[in-house]
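Number of protein chains: 2
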Amino acid sequence: MTKIILASKSIDRKEILRRCKVSFGTLTTDIDEEPYKTKIKDGFKLVKELAKQKVLKAKEELIAKEKKAIIIAADTIVMLQGQIIGKAKNNNQAFQILKSLQAETHDLITGVAITHTFFPKLIIDCDSTLVEFSPLSDDEIREYLKTNEWKGRAGAYSIMDKASFFIKSIKGSPSNVMGLPVHKLYQILKKEFNMNLFKY
Amino acid sequence: MTKIILASKSIDRKEILRRCKVSFGTLTTDIDEEPYKTKIKDGFKLVKELAKQKVLKAKEELIAKEKKAIIIAADTIVMLQGQIIGKAKNNNQAFQILKSLQAETHDLITGVAITHTFFPKLIIDCDSTLVEFSPLSDDEIREYLKTNEWKGRAGAYSIMDKASFFIKSIKGSPSNVMGLPVHKLYQILKKEFNMNLFKY
Chain A
27 MTKIILASKS IDRKEILRRC KVSFGTLTTD IDEEPYKTKI KDGFKLVKEL
77 AKQKVLKAKE ELIAKEKKAI IIAADTIVML QGQIIGKAKN NNQAFQILKS
127 LQAETHDLIT GVAITHTFFP KLIIDCDSTL VEFSPLSDDE IREYLKTNEW
177 KGRAGAYSIM DKASFFIKSI KGSPSNVMGL PVHKLYQILK KEFNMNLFKY
Chain B
27 MTKIILASKS IDRKEILRRC KVSFGTLTTD IDEEPYKTKI KDGFKLVKEL
77 AKQKVLKAKE ELIAKEKKAI IIAADTIVML QGQIIGKAKN NNQAFQILKS
127 LQAETHDLIT GVAITHTFFP KLIIDCDSTL VEFSPLSDDE IREYLKTNEW
177 KGRAGAYSIM DKASFFIKSI KGSPSNVMGL PVHKLYQILK KEFNMNLFKY
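Line order of the protein sequences matches chains A and B. Here the first sequence stands for residues 27 to 226, where the numbers follow this note's numbering. Here the second sequence stands for residues 27 to 226, where the numbers follow this note's numbering.
In isolation and in its complexed conformation, chain A is listed as follows:
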């Protein structure tokens, strides 16, 4: 059975696959995201391009090691009123991001790229979920920041943890909000790679 390699350092993505009881390996790829972020202003195009770059980098490394694998990479951003919101660099930035998201609905977009080390097939797709936050006072935002859940996360929150306190509603795929649209992944692996994720 071909091994699944998740080319991601996101703890949330690993956690999703773990909860789905899917066996997988991981590989961390480092690409310079800045040039893409400067050039691409369309959120959907950006996450797809970044997922593609990550998966191709991982493929290169795995081919060099002659490893046979299905490789999955992803990238997540938040979009609020047409503006792309990425990860906060510090506590203050995280505060500002959450202040802009509170009492509003934003779009959480994840791009996903899938390829195989031995075949040229490369599938790129994306999924988007609307997320509505309840109103948050500045004190509540500060309480949330203390949990450090904002670190390394697009939009400065994680749906899996204490952010549940203020996530009023979502519309779309729940796993997509966690950073990996498992529903799309399952369909792509079935149709394009003849793989059954239930067996992993």
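In case anyone wonders, no lab produced these hints; they're calculated from the structure. Be a bit skeptical, because a hint or two may be false.
Heads up, the list lumps identical chains together, so a pair's fine if it works in one copy or across two of them.
As the list claims (entries may be wrong) - Cross-link-like lysine to aspartate or glutamate pairs, in silico, EDC-like; alpha carbons within 16 Å at most:
1) Lys216 to Glu169
2) Lys225 to Glu169
3) Lys197 to Asp133
4) Lys47 to Glu169
5) Lys225 to Asp38
6) Lys147 to Glu175
7) Lys194 to Glu130
Fit chain B to the known structure of chain A by using the hints.
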């Protein structure tokens, strides 16, 4: 600080609070649900009544032990085209339930009841989330049943695990689908019990 007691044996409810890093104790209450299920045909009324009965039973037990606590109980059902769907009793029933839910949208309803051992205040509320499944072949349903995730779960699935493969979209609170509407719980504890769940 008043202790939180979750009056539930549901592993999913415990898991939600654990992931929210909330400290809590548990207590299992056994009430005979059948008379309520026979009498109450409205799904919203049923989950609220069952949550209430569970929380009152737990309150009785804790008062007898002179324990001070905030007690939370909940009950979850699935509703499809006006019909209440509870837990499957065996593999065949689970198959039939999933077969009826595939390629359809159902309503997942959770009732929640909250009280305090030392005060008469009793808050009962409910939340509802629409869940859309993608089409599933009989073989796919059988694959899913092998995971045993259907056991003890309303609608014979758990959003946290392999059901992610076929949950296309939801509309509403994601924690509600897991069996505990944490967003509502946070608001109720804040407004009605002057409690800040961030501190737990």
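Quick one: Lys225 to Asp38, C-alpha cut-off 16 Å, is that within a copy, between copies, both, or neither? neither (22 Å within a copy, 24 Å between copies)
Have a look at Lys197 and Asp133 and pick one of within, between, both or neither, based on CA distance no larger than 16 Å. both (9 Å within a copy, 14 Å between copies)
As a check of your reading, is Lys216 near Glu169 (CA-CA no more than 16 Å) within one copy, between copies, both or neither? For Lys216 and Glu169, the Cα distance is within 16 Å only across copies (14 Å; inside one copy 43 Å).
When no copy is named, should Lys225 and Glu169 be tagged within, between, both, or neither for a Cα gap of at most 16 Å? between (42 Å within a copy, 8 Å between copies)
Within a copy, between copies, both or neither: which one fits Lys194 and Glu130 at a CA-CA cutoff of 16 Å? within (10 Å within a copy, 23 Å between copies)
Regarding Lys147 and Glu175, is the shortest C-alpha distance of 16 Å or less found within a copy, between copies, in both, or in neither? neither (36 Å within a copy, 33 Å between copies)
Alpha-carbon proximity between Lys47 and Glu169, which holds within one copy, between copies, both or neither at 16 Å: Between copies only: 13 Å across chains, 33 Å inside a chain, cut-off 16 Å.
In this structure, the hints that do not hold are numbers 5, 6, in rising order.
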